[in-house]
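As they're listed, the protein sequences go chains A and B.
So in the numbering used here, spot 571 of the first sequence is number 573, and the numbers just go up one at a time.
So in the numbering used here, spot 5 of the second sequence is number -7, and the numbers just go up one at a time.
In case anyone wonders, no lab produced these hints; they're calculated from the structure.
The structure displayed is predicted, hence computed values, not measured ones.
Quick reminder that beta carbons are idealized off the backbone N, C-alpha and C, glycines included.
Do not take every clue at face value.
As the list claims (entries may be wrong) - Subject to a maximum C-alpha distance of 27 Å in a straight line, what follows is the list of computed DSS-like cross-link-like pairs (lysine-lysine): (1) 68(B) with 20(B); (2) 380(A) with 68(B); (3) 577(A) with 674(A); (4) 68(B) with 36(A); (5) 317(A) with 257(A); (6) 492(A) with 68(B); (7) 33(A) with 20(B); (8) 27(B) with 289(A); (9) 333(A) with 289(A); (10) 410(A) with 394(A).
Claimed, not checked - To list a few chain A residues with every Cβ distance to chain B over 10 Å, as calculated: (11) 185; (12) 419; (13) 667.
The residues making up each chain are set out below.
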Amino acid sequence: AEETPLERFRRQVLPGRTVKDVTDVIERTCKSMKPGQMVHSETFTLMEAVSAIELGDPKVDIGVIPEARDTGLPTDLFKAGRAPLELDLDSLLSLLDGMLARELSWYRGNFLAETLYTCIYLHDMDRLGSNSILKAFCELTRLTCLKVLSLVHRAGVSEEEDFCIAYNGLPLHADSGGSDNPQTWLNFASVVIEKLLKVAASTTGTISLNSEDFPIGGKLSKQDIEKIAARIELRSSYLNIINFLEDDRETNSKKLEKYIRQAQSSLDIIAESFHESSENECGWFVKYLNKACMPAIPPRTIDKVSGSEVIQYFKDFLEHAIVVSMTTKCKNILTLQRHLEDFSDRNPQTIIRSLQSLICSKLNLKGVVSSSFGLTVKYLESEPELACCLDKCATIAEAYTNAACHNKCQQHRKFKKLLRELNDSMEQLKVLQMPLQTLSQTDNRSEGGDTHIGRSELAILIIISWLCAFSHSIALKQMLVGFDLELYEKTDFLMIYWYCERLLTDYIAAVQEWNSQLVRMNEMTKKGKGRKQRKDQKQSIVLLNEDQVMGRIFVLESMRLAFNGTVRMLAALKKYGSIECADLSINRYAQRFRHFQSLAIPEPLGYGAYDFATKTGELTASQLCESAKLSFANSLRLVSHLKATLPLEATENKKVTNTLQRVCTTNSIAMKCCSASTDLVCDFEFDNRIIVLKLRSF
Amino acid sequence: KNTKRREVFGGMATTPAAAAALRLEAESLVNKKLLVELKDGRSMTGYLTCFDDQGNLILSQAEELGLKITRLIGSVIIPKHFRTSIYAEVEVEEKEEEEGGGVNY
Chain A
3 AEETPLERFR RQVLPGRTVK DVTDVIERTC KSMKPGQMVH SETFTLMEAV
53 SAIELGDPKV DIGVIPEARD TGLPTDLFKA GRAPLELDLD SLLSLLDGML
103 ARELSWYRGN FLAETLYTCI YLHDMDRLGS NSILKAFCEL TRLTCLKVLS
153 LVHRAGVSEE EDFCIAYNGL PLHADSGGSD NPQTWLNFAS VVIEKLLKVA
203 ASTTGTISLN SEDFPIGGKL SKQDIEKIAA RIELRSSYLN IINFLEDDRE
253 TNSKKLEKYI RQAQSSLDII AESFHESSEN ECGWFVKYLN KACMPAIPPR
303 TIDKVSGSEV IQYFKDFLEH AIVVSMTTKC KNILTLQRHL EDFSDRNPQT
353 IIRSLQSLIC SKLNLKGVVS SSFGLTVKYL ESEPELACCL DKCATIAEAY
403 TNAACHNKCQ QHRKFKKLLR ELNDSMEQLK VLQMPLQTLS QTDNRSEGGD
453 THIGRSELAI LIIISWLCAF SHSIALKQML VGFDLELYEK TDFLMIYWYC
503 ERLLTDYIAA VQEWNSQLVR MNEMTKKGKG RKQRKDQKQS IVLLNEDQVM
553 GRIFVLESMR LAFNGTVRML AALKKYGSIE CADLSINRYA QRFRHFQSLA
603 IPEPLGYGAY DFATKTGELT ASQLCESAKL SFANSLRLVS HLKATLPLEA
653 TENKKVTNTL QRVCTTNSIA MKCCSASTDL VCDFEFDNRI IVLKLRSF
Chain B
-11 KNTKRREVFG GMATTPAAAA ALRLEAESLV NKKLLVELKD GRSMTGYLTC
39 FDDQGNLILS QAEELGLKIT RLIGSVIIPK HFRTSIYAEV EVEEKEEEEG
89 GGVNY
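Bound-form chain A, shown alone (with noise of 0.2 Å):
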């Protein structure tokens, strides 16, 4: 017989202990205490008390469930036949379908026991030897949840609300006889495929696949057994570009280009044939089978998975997988950000985030950053302070490709820190440069006799601005992503497209200052050349690329205007008053750029400067529709002249110009129509985060 609760309670008490029935002792105190009393112990807190579960009640008990009182363990549902292995040929498209659809609940931020895990046939892989087809598709669903739970852990761009790392007590481990290396099984699973394919192509009509390794029930076309090899090479090429993008050894795209191919031609057959949720697959799928490793409270309702749901994400994943592979290309921190701002843009999911992010991390982030100063790594590394300065800003650039990668939400937190991390490395090399400073006045030798100390500090000058640049750039993006989240009412946007063309002319002012600097340091290295120079002193330390900085001022000028042309736009449809603005109090303007008040950089601007410039007392309201077009016009001519003088880079910033010229072109039609006519509603849109006027009689 079973032994009950209460044996096993006495049989695991202490030596020295027993076990003794204080219900009596209990009962007749709580009725002496007087109303409201309470004994405790000294740790008791009320939060504690807040925090239990309270039995009995089936809202937060799932105990008090029957159904998940009634639950068995998997070897009791295996013994009531809950998973047979031989199934006929929907079954088992249902039951891989099944667990298609509840990987993705899993990957919404729901919980592995409570989704994925609740399929019978992942907790015993042994017993499915004598179905190869369950058996490929268990061990890599296995394998691939290893997987993933390992990158999302070690990449840490995902809070709990994204994803659910928690997997205590699930079978996801090999048992002695099994493997966890995923290549035993990706191989295996390509066995099976190979043996289906030909099998399948050797079919007219319909056969029978009820075999030893196959025991599929009835008639099968060769449709249908490709249906069957599409889902486990689906899996088996999930996989594999998972552990393609992780790997950095791997470089042959073409074999990355291989997975994604067969994926895709995967999924197109899948998409024609997904088994959606039907009633018989409730007897594979078992809400409470995992009680044990579930939270205490009952689980909420976990929203069902359609179909075109599973393909979508999948169809995503590839896409995004494509991009995710040229992070190698970005050689500097201009064409990361751009990179990352795109990636961000398609709204990518955790895992693609988190492979991003490990990517990210396993560039050579030196090389990188001193590519965006315009300075050679070796010359940087052969001085002390500037190989401080190195490590200095490769960490900030470490720090950025992290809040890069997580979700917009949090890229918004992430960014303020950001912000802050940027300030404080800035005032550090401000103190470096000092005794630089000092040496270099003392020195009255000659021009060309050393310019050995000279070159160190404007070395450190041209860091300094361009941590000046990137700052502005981090907090323009995190203005601008602020619209995403829709947390500006529409009575705000007056005050953040003007902060925002302040952002941007100082960064312009940063990005010409950080160049000139780096020009005057390209003509003292070349001074140097031919004089008597240690061998060290002879070789290039600057790189500069004139069109890259050209393009790149032309690109931010353009937005300046555009946002110049948008403050206008704003300001005079106040004026005819189509719009209302925000009270110009103190207090919302402080409330709003609060995070930036306590930063050298970007300079917080006060009230004042806020309230000047944009009082328009002085224009009309026909006149701010003109200063309006005139920014959008002159906006989009830069963007022309940029396409014509530098085509290269226009095709870099391809994106951001050719938003530039929708919204422009648009708003200038707008504002002519503001000027023509004052019996117009307007409505707004966002083109990536710049206002469009639309405009509609009454």
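Following the hints, position chain B against chain A.
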């Protein structure tokens, strides 16, 4: 004389000394390991953190004992109406005193 000196403690007449001893015994159960049997047939073990005048108990590090599965839950409140019996793991000496002593209940 004895009747006059008795007080009512927990609904039963008892001596003041016995009442005090009972109160002490109950208080000594705090931080001890208990097994609580519930009305729905489950059993819960955990460390007694608190109990109140309504008979509600709070156990920390609570585990639900099934026939085959033990489920770790954490902190739980067990309402009086939901429990049937309470057992405590106590030192043997206490029990020997109880058996040999003259405490009235």
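Straight-line alpha-carbon gap residue 410(A) to residue 394(A), limit 27 Å: 26 Å, holds
Status of the stated non-contact between residue 667(A) and chain B (beta carbon gap over 10 Å): 60 Å, holds
Proposed proximity, residue 20(B) with residue 33(A) (alpha carbon, max 27 Å): Holds - the C-alpha atoms of residue 20(B) and residue 33(A) are around 21 Å apart, at most 27 Å.
Holds or violated: residue 68(B) to residue 36(A), with C-alpha atoms at most 27 Å apart: 16 Å, holds
Interface exclusion of residue 419(A) relative to chain B, criterion Cβ beyond 10 Å: Check passes; 32 Å lies beyond 10 Å.
Agreement of residue 68(B) and residue 20(B) with the hint, judged by alpha carbon distance not exceeding 27 Å: Holds. Residue 68(B) to residue 20(B) sits at ~19 Å (cutoff 27 Å).
Chain B versus residue 185(A) - minimum CB to CB distance exceeding 10 Å, so not interface: 35 Å, holds
Hint consistency between residue 27(B) and residue 289(A) [alpha-carbon to alpha-carbon, up to 27 Å]: 24 Å, holds
Distance restraint between residue 317(A) and residue 257(A), which requires alpha-carbon spacing of 27 Å or less: Since the Cα atoms of residue 317(A) and residue 257(A) sit roughly 18 Å apart, the hinted pair holds (cutoff 27 Å).
Restraint check for residue 577(A) with residue 674(A), where alpha carbons must lie at most 27 Å apart: The given pair, whose Cα atoms are some 15 Å apart, holds under the 27 Å limit.
Restraint check for residue 380(A) with residue 68(B), where alpha carbons must lie at most 27 Å apart: With a Cα-Cα distance of about 75 Å, the restraint between residue 380(A) and residue 68(B) is violated, given a limit of 27 Å.
Straight-line alpha-carbon gap residue 333(A) to residue 289(A), limit 27 Å: Distance of about 49 Å is beyond 27 Å: violated.
In the structure shown, a violation is registered for the earlier hints numbered 2, 6 and 9, in ascending order.
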